[in-house]
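*Asks:* Here's the letter readout for the chains.
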Amino acid sequence: MQSICSTTLPLVRPLPRRASRRLGRVGLAAAVMAMVLLAGRAGAQERPYFVTYTHQLEEPGSLEVSFNSVLGSPKSVPGFLGSWVELEYGVKGWWTSEFYLDGQATRRDSTVFTGYRWENRFRPFLHEHWINPILYVEFSNTNGADKTLREVVGFDSEKDFAHPNAEARREKKREFETKLILSSYHRGWNFSENFIAEKNLAAGPWEFGYAVGASRPLALAASAKNCTFCRENFQVGVEFYGGLGDALHFTLSRTSHYVAPVLSWELPRGTTVRFSPGFGLTPDSHRFLLRFGISYEIAGFGRRVSKLFH
Amino acid sequence: MNRARRTLLIFASILLFGGLAASGQQGRKPEGVRGGLGRIPDNAGSTRANPFAGQPEAVLAGKKLFLRHCAACHGPEAKGQGRAPALRSPLVQGAPPEALMRFLKDGRLRRGMPAWSHLPEERLWQIVSYLQSFQQ
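Protein chains in written order, with numbering that gives the first Met the number 0: chain A, 0 to 309; chain B, 0 to 135.
Be a bit skeptical, because a hint or two may be false.
Claimed, not checked - List time: in silico BS3-like cross-link candidates among lysine-lysine, alpha-carbon distance up to 27 Å:
id	chain 1	residue 1	chain 2	residue 2
1	A	K158	A	K172
2	A	K172	A	K198
3	A	K306	A	K91
4	A	K158	A	K198
5	A	K158	A	K74
6	B	K78	A	K224
7	A	K158	A	K171
8	A	K172	A	K74
9	B	K104	A	K91
10	B	K104	A	K224
11	A	K198	A	K171
12	B	K104	B	K78
13	A	K91	B	K78
14	A	K306	B	K78
To be clear, the hints were calculated from the coordinates, so they are not data collected in a lab.
Kindly generate the complete structure, drawing on both the sequences and the hints.
*Replies:* The following block contains the structure:
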């Protein structure tokens with residue numbers, strides 16, 4: 000984490016706490032109702048990784064809603080639970096857009112909303128190749144208390160999480176992030192490599208990171224029966240990710256790196272559950288990260304929404 | 000500054016490598032028949048048969064996969080809906096199995112048909128088995 004900036008004054012008067020809670024509940028209920036009403040049948044198989052991206056894009060018109068968390072057990076700072084809600088929409092066959100809302104809770108501290116992210120992934124080559132590139136761009140507006148660890152770049156380390164939430168959230172982080180995603184499927188295996196470059200728009204040099212992963216379904220062919228626990232519904236794999244320093248010091252030293260086995264389980268009707276214990280490999284890494292998430296895909300969401308207005 | 004330049008050079012090389020690797024397309028697909036699906040390559044010269052041909056179990060598995068992945072757009076009976084065409088057409092029934100499998104794998108991204116390359120080939124063949132079982 001970089002230096003803590005001065006507090007920015009709110010531009011609007013905050014709602015009383017009770018009213019704010021009520022508004023939040025009403026909003027959440029409305030969102031859930033809309034999704035249930037618009038829900039269609041299930042769609043694609045979700046990638047098993049949490050950090051690494053494959054070249055798989057969302058089907059056009061489909062919306063995927065995910066709730067993900069990372070439970071951190073660091074060595075020298077309080078434990079935390081970073082969580083994010085992810086809305087992924089297939090705009091075109093070659094373009095997927097995602098919106099995230101991030102938050103976190105820190106042991107013996109508080110629970111805070113930490114900001115939002117908007118990412119877009121583009122597939123420049125429309126056919127399947129040995130290696131399939133995807134271009135990724137993201138804008139994030141978060142604060143210094145963000146603990147979602149959706150990627151590791153630069154000299155990110157456990158010490159970044161040492162500040163109390165009240166202090167850390169004063170730091171505003173408006174960042175631009177790009178990724179080059181390379182991914183292949185071969186005999187049921189997926190191999191993905193991501194190269195990450197991130198820039199704080201206010202100050203600081205470009206920071207770099209990487210994520211690589213390999214995964215495979217437990218069974219390649221599907222069985223004839225509808226089943227929940229059969230091997231075809233499970234994918235297993237492993238991912239490695241970490242920082243590569245910045246534009247001034249492109250290095251592996253004083254950076255954090257992780258290895259994380261991954262497991263995903265596709266339930267009937269479009270729900271996927273993912274689970275991944277991650278282990279820090281360097282002194283600057285968190286000791287242990289447990290990631291878990293659940294996602295639900297609403298096929299034909301765009302079509303259903305457009306029908307409401309015709 | 001030199002380091003920054005070196006970093007940029009590394010990323011440019013990776014980008015170039017990715018682009019070059021991607022341009023080495025796996026087996027250029029020949030032009031084929033036009034239909035509601037766009038263009039299904041006819042795979043002239045290809046002799047790859049469906050490894051699941053003649054297996055009733057594969058048709059059932061294909062149906063399950065179809066309902067899971069395809070029915071939302073093409074309808075549960077594969078009769079088509081909206082922009083998604085019917086798959087009971089002679090074009091699909093008469094297409095070489097490998098051409099259909101490749102079509103599923105690549106998709107037709109500009110026309111809204113997603114690529115299903117993340118499904119193992121075995122499952123794509125099972126879907127082909129189901130799609131071509133309509134003619135029987």
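*Asks:* Of the hints given before, which are not true for this structure?
*Replies:* The structure conflicts with no hint, since it agrees with every one listed earlier.
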